[in-house]
Amino acid sequence: MLRPNENETRKDRDRIVNLSDGVFAIAITLLVLDIRVPDIPENMVDSRLPGALLSLWPSYFGYFLSFLVISAFWMIHHSIFRSIRGYDRILLYLNFLFLMVVAFVPFPTSLLGEFGDHQLPVAIYAATLAVGRLLLTAIHWYSARNDRLLDEPQDPATVRYFVIRGLTIPAIFLLSIVISFFSVSLAILTWFVMLVVDAVVARRRFS
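Its first residue numbered 3, the sequence shown is counted upward by one per residue in the working numbering.
Among the hints, erroneous ones may be present.
Claimed, not checked - What follows is a set of in silico ranges between Cβ atoms, one per label pair, in the way DEER data are often shown:
(1) P52 <-> L32: 23 to 33 Å
(2) A54 <-> D90: 51 to 61 Å
(3) S185 <-> Y144: 31 to 41 Å
(4) R91 <-> D23: 13 to 23 Å
Hints are computed from structural coordinates only; laboratory data are not their basis. For every residue, glycine included, the Cβ atom is placed at its ideal position computed from N, Cα and C.
Turn these sequences into a full structure, and let the hints steer you where they fit.
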């Protein structure tokens with residue numbers, strides 16, 4: 003049973019989690035706003051609508067990719083805070099910085115959907131996700147090395163694995179920025195290869 007002060011600490015932690023969940027929910031909902039209904043005269047809907055819908059594929063792509071990324075961010079964030087019983091000022095600041103990036107994701111997603119065949123929007127998108135993943139890794143690393151914030155100490159080997167994984171993914175995003183100067187398509191392909199490899203590694207790690 004939690005002592006009174008521990009109960010208050012838990013309630014404060016829950017407020018942080020609830021705020022974070024709200025930011026995630028809003029960010030993931032805003033993504034769909036970039037998929038706009040085509041403006042077609044009523045008498046031309048049958049002939050033009052199929053082509054107009056197909057022409058929106060960059061927006062579909064940006065929505066799908068960002069939905070996956072924000073979902074992955076939420077799952078990792080949820081896993082981290084599930085083992086946290088309290089917080090301090092540094093953890094609070096790290097979490098707010100991370101939420102700032104999450105709330106920003108719809109903007110580079112819009113750029114990617116509108117100008118996805120150009121280098122700069124691809125670089126901005128990759129940089130945004132790299133910073134977000136780095137901040138999420140920083141939250142995990144900081145909380146794991148401060149036992150007073152945790153329900154119970156975490157296994158060092160497990161923490162090391164997640165930190166290495168959390169640094170590798172941003173590194174690939176940053177590498178894709180370099181690749182984008184030579185080939186935008188290859189840079190974007192790098193993201194999908196990374197997502198698949200990361201999913202396979204995670205599955206083997208916990209199977």
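Results for each hint:
1. Hint check: P52 to L32, Cβ distance near 27 Å, so the stated range 23 to 33 Å holds.
2. For A54 paired with D90, a C-beta distance near 52 Å keeps the hint of 51 to 61 Å intact.
3. Separation of S185 from Y144 is about 37 Å and conforms to the stated range, judged on CB atoms against 31 to 41 Å.
4. For R91 and D23, the Cβ-Cβ distance of about 21 Å falls inside the hinted range of 13 to 23 Å, so the restraint holds.
The structure agrees with every numbered hint stated previously.
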